[in-house]
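Peer 1: Given chain R, put chain F in place with the hints provided.
So the sequences go chain by chain: R and F. If you read the first sequence in my numbering, its first letter stands for residue 64, the second for the next number, and so on. If you read the second sequence in my numbering, its first letter stands for residue 117, the second for the next number, and so on.
Honestly, the hints are just simulated from the structure, not real lab data. Ideal Cβ positions, reconstructed from N, Cα and C, are used throughout, including at glycine. Heads up, some of the hints might be wrong.
Unchecked claim - Lysine to aspartate or glutamate pairs mimicking EDC-like chemistry, simulated, CA-CA at most 16 Å apart:
1. F:LYS377 / R:ASP123
2. R:LYS114 / F:ASP161
3. R:LYS114 / F:GLU154
Said to hold, decoys possible - Here are some chain F residues pointing at chain R (derived, C-beta under 8 Å):
4. LEU141
5. THR150
6. ARG184
Each chain, written out:
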Amino acid sequence: MIAVNYLAAAALFCIGLWAVLTRRNLIKIVMGLSLMESSMYLLLVSMAYRKGGTAPVLLDLPEGRSVDSVVQGAAADPVLQSFCITAVIIGVAVTGVFLAVVVRVAEHYRTLDADDVRVMRG
Amino acid sequence: MTTSGSLTRHRVAAAAVVAGTATFLGGAFVDLPTETAELPGIARDAITSAIPDWHDPEVVSVVVYGTRGFDTFGETFLLLAAVVGVIVVCRGRERRRVFLQEERLGRREQAEARRARGEARRGRRRQEVEHAEDIEQGQAEDSGEGDAGIGARGHVSAPAMTVVVRTAARPLLLVLVVAGAYLLALAFTPGGGFPAGGVLAGVVLLAYVAYGYRAVRRVVRPALLEAFELAGAAAIIAIEVVGLVLKGSMSANWLPIGQEKTFFGGGILPAFSAAEFVEVATGVLIAVFSLLAMEREWTEADQEEAGAERNAGEATA
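Looking at chain R on its own, in the form it has when it is part of the complex (with noise of 0.2 Å):
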């Protein structure tokens, strides 16, 4: 039942955009966009899971399985697990920028309170 992953992913999604658009705390709004990325690795991987697929490992296939097999999709697709790699480590650096803007903003403003932060209101 890979429709239950998909589910888990999209209530991830909608649980950390809920945190986006409601929380005030800084910190707590790159938490949100944290566990909308990480929803994305669980959709990319259950995308590629097939059932009674092996890994996309052409080396000491079990037995009863060929190349051919595989490429019928007897395996888990590789290219949305090679996305998932890419994803994880983009997904590290890019929270370290939020994070780093975070301590900036708290030093400038003295709080991680989102709406103390006024001055691009004018």
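Peer 2: Positioned in the frame of chain R, the structure of chain F alone reads:
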């Protein structure tokens, strides 16, 4: 009342946006592939070409560094841009030619001293300031206890943990180093340099947590990490551009392909993977340690003042 009314309106609007997004995602996810669907063409192509074209049985690595290497090329520079962003945002103050906080601090201190008429207090304060200056100039060592005061670097005061943690960290570090080397050294491990770089960054962070800043300060130097970061990026550009020049396409293999399942089995794949390893490991370390080393640019007195102003503002509102 007005504040709570606007808060309620804000929440209702947020709930509407979240509900709309959930509906949209639900509708979109109905058409996603099920677990029994055929693999898409791009995945089938990657699997069929992995061994004949690249002599590499690990299809994920072939996709990351080979068939969709141009994607990875772009994402590498996204990572580099993020790291440069962190460096720029975390960068400390420029070397000063004028006094900024000292005059204000000095006035406050003198007033306090006058009020208290305590010569002893002023002497202690001066000792603290002189000691902090000595630490900054490297003439004294930070004791590592508590907060060292204005401008103290966060990581300098990070002490080592207890003997239990330090003992447990030792075998763990060994296992992690071997796992990272394994991921990197064999071209047919999933992801190659990406996870291996993450593991190496984890090794340095574990050493930092367990043994304190002193254990990693030889490695965690901007001059060293930034040089390696840029060298990794330059190597990736070189690998891609040589392919473009020699074979007419970025990410085309231009190295002789060795025997299957050996280190040289993938042509440019192990080289790209190794460059990516350097890029990822140094990038993550720079980002994390830049955050840890961010200096506090306000004084405790300023903090109390700001808190008092905010409390007063809330009270009047």
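Peer 1: Against this structure, judge whether each hint is valid.
Peer 2: A quick look at each hint next to the structure:
no. : hint                : verdict
1   : F:LYS377 / R:ASP123 : holds, 11 Å
2   : R:LYS114 / F:ASP161 : violated, 20 Å
3   : R:LYS114 / F:GLU154 : holds, 11 Å
4   : LEU141              : holds, 4 Å
5   : THR150              : holds, 6 Å
6   : ARG184              : holds, 7 Å
Checked against the numbered hints above, the structure violates only hint 2.
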